[in-house]
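The residues making up each chain are set out below.
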Amino acid sequence: MTQTTRIASVFSDLRSRGHMAFMPFITAGDPDLSATADVVRTLAEAGVDLIAVGFPYSDPIADGPVIQASYTRALEHKVHVRDIFSTIKQLETEQLPPLVAMVSYAIIFRTGLDTFLDEAHAAGFAGLIVPDLPGDEAEDFLPLVHSRGMDLVELISPTTPPARAERICRQSSGFLYCISVAGTTGVRAELPAQLRTQLESLHTQTDLPLAVGFGVSRPEQVDSLRGRADGVIVRSAIVKMFERLSSGAANRATVLKEIGTFAREMSTAAHQSAG
Amino acid sequence: MNQPAATAAVPDLQGRFGEFGRRYVPETLMHALEQLTEEYEKARRDEAFQAELSDLLRNYVGRPSPLYYAKRLSDQLGGARIYLKREDLNHTGAHKINNTLGQALLTLRMGKRRVIAETGAGQHGGASATACARFGLECVVYMGEEDIRRQKLNVFNMRLMGAEVRPVTSGSRTLRDAINEAMRDWMASVETTHYIIGSVVGPHPVPMMVRDFLAVIGPETRRQAVEQYGRLPDEVIACVGGGSNSAGMFYPFVEDADVRLTGVEAGGRGTSPGDHASTLCYGNKGVLHGSYSYVLQDEDGQTLDVHSISAGLDYPGVGPEHAYWKETGRVTYKSITDDEALQAFETLARTEGIIPAIESSHAIAQAIKTAPTLPKEQSLVVCLSGRGDKDVNEVARLLGREI
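Protein chains in written order, with my numbering: chain A, 1 to 275; chain B, 1001 to 1403.
Please note that a few of the clues may not be correct.
[Unchecked claim] Computed spacing ranges between beta-carbons, pair by pair:
#1 A:78 - B:1255: 54 to 60 Å
#2 A:34 - B:1109: 50 to 56 Å
#3 B:1109 - A:15: 42 to 48 Å
#4 A:193 - B:1051: 40 to 46 Å
#5 A:41 - B:1269: 28 to 34 Å
#6 A:139 - B:1169: 36 to 42 Å
#7 B:1075 - A:78: 34 to 40 Å
#8 B:1005 - A:41: 40 to 46 Å
#9 B:1255 - A:139: 26 to 32 Å
#10 A:122 - B:1159: 17 to 23 Å
#11 A:34 - B:1392: 47 to 53 Å
#12 B:1005 - A:92: 44 to 50 Å
#13 A:41 - B:1339: 33 to 39 Å
Hints were generated in silico from the structure; no laboratory data involved. Quick reminder that beta carbons are idealized off the backbone N, C-alpha and C, glycines included.
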């Protein structure tokens, strides 16, 4: 890709200051789309750098129980793809951190590749993460994404051998999503040691920013990535806060406040310069 | 449409059956699938592997299974002669064992000691537990809570053979959710664990490999038909959920243009979404569980709930090779309702003294419809994929009878 995408410029700004990006994940429509609009604004105010917006899917094999439960809650309230797009469109996304759609290929295929991308682009999404579309199967899809000036962020797993990693580094744009542990997402206590080695080797292979996800949940973990990664992705930790909203354990204002506080802590940790 | 004729030379190296198949899975699984493909290709060409499998199929499973002429049933219907391929007589009572033994041998070859499997009716879970017990492999079977209720006997048997049965409480609590859970387990355990998928579904090489292990059924049938009445069957009928027994039965006949192939899906209680599991008859092209095939989903791509009297057929997807056979017109797919299947279940019990699995009863029901429309000189072979012992409680409940 020749032009600089919104995602790429966020990472290059942060890199020039020696900062990492903080990218939280939320499920669109959990528990409803007005909550989604509120939480996007809350996260933006808290200073996050990018926001991953999950499209609820009935059979999310790449996700753990926390996110599946969140998707189930959203689908119980009949959240449709077109409603997600119209909610995002109303947010005036150019004023917000870049939004990245995290969406199953099942949904994209059924909607139609071009239709989905046109609508995602019109809504203001800057890129996509499609967890069940490995690089090998993305050849037809990739040019359609790029022709709209969007990024297709690919994933690297601890099980990815070097030859596969090379191809993924070549294809991915925006950044690389590095899964820190094999298995589905969830909140984990420690970052694995093996991750450090993998990040080091990826840095020798590519200039793409490396964002680490799956299992990151605390500001201390952000510290442990400093100088090794370009960004952290938090998925289950924020989605878990929404669980309390649905169960009635907390009201919306309280949950949004909690999310704001957490996002500010994480952003602050990510934005400390490497010492 | 200018569709070329179906060929048996599928899938290609990318796992494509025509346009269908491939690998739509998280990156975490990709390397394991590449390794599995490689290991399977080696095993397939390895005479020692094939000899060990043949020996097991003969002496442990009891192959070849008979091709039985159901004369009373045929006479009563007054049309084509109906033959039953008796996969119900295999050890464990269904066709699934052919696949699980092959994959258990492959597990050993790959140096893995743990097996996971999903199950709907419990037949594949049981066959996996059996193969694992036979080879001393650890076995975890994921099973929907709703299916555990429907299939208590199979659950007991699996546990008896040392398998752990893990109830799945997410989603519709049936086969599809059990597959989701098994895939998740596999993503976290892929370095030590082999996932024995029970049907011709999922990412490449699974649909090809499962088909091949089950394609012991078709060649036997060909040979037996020629031995018994001197020619190939005029029509072959098999039930289709994910499509495993039908794939094993149809595949060896794909290039015999004179043999009609008929797949029978679960028509449930009606044609509205949620009332059936007839993916090829009423579904759309789409992606589910790692492959591109036909799927029952809404306009957003969300998988629809399905219904069938049969726990083994209520799956909202279908193997990609079946999608290919549908597109090329090589196989005709029909739908049989719960009531028709129940009637066939009773009819076969009374006329032949054979109690079929409720899954297989769908294929029997189709044969009962078709046979009277054909002359006596023609022959229909029905794949009797499993025995019905596991279903008697559920059937008694539906018929309002006490056991």
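For each hint, the structure was consulted:
For residue 78 of chain A and residue 1255 of chain B, the Cβ-Cβ distance of about 47 Å falls outside the hinted range of 54 to 60 Å, so the restraint is violated. At roughly 55 Å, the beta-carbon separation of residue 34 of chain A and residue 1109 of chain B lies within the given 50 to 56 Å, and the hint holds. Hint check: residue 1109 of chain B to residue 15 of chain A, Cβ distance near 47 Å, so the stated range 42 to 48 Å holds. Separated by about 45 Å at the C-beta atoms, residue 193 of chain A and residue 1051 of chain B satisfy the suggested range of 40 to 46 Å.
Distance hint for residue 41 of chain A and residue 1269 of chain B: a CB-CB separation of about 47 Å, inconsistent with the stated range 28 to 34 Å. The hinted window of 36 to 42 Å between residue 139 of chain A and residue 1169 of chain B holds, with their beta carbons roughly 38 Å apart. In this structure, residue 1075 of chain B and residue 78 of chain A break the distance hint of 34 to 40 Å, their C-beta atoms being roughly 54 Å apart. At about 58 Å, the CB distance of residue 1005 of chain B to residue 41 of chain A disagrees with the hint of 40 to 46 Å.
A hinted range of 26 to 32 Å for the beta carbons of residue 1255 of chain B and residue 139 of chain A is consistent with their spacing of about 31 Å. Remark: the range hint 17 to 23 Å for residue 122 of chain A to residue 1159 of chain B is contradicted by a beta-carbon distance near 54 Å. At about 52 Å, the CB distance of residue 34 of chain A to residue 1392 of chain B agrees with the hint of 47 to 53 Å. Against the hinted window of 44 to 50 Å, the Cβ-Cβ separation of residue 1005 of chain B and residue 92 of chain A comes to about 55 Å, which falls outside the hint.
Checked against the hint of 33 to 39 Å, the pair residue 41 of chain A and residue 1339 of chain B fails, with Cβ atoms roughly 55 Å apart.
Hint compliance for this structure: hints 1, 5, 7, 8, 10, 12 and 13 are broken, all remaining hints hold.
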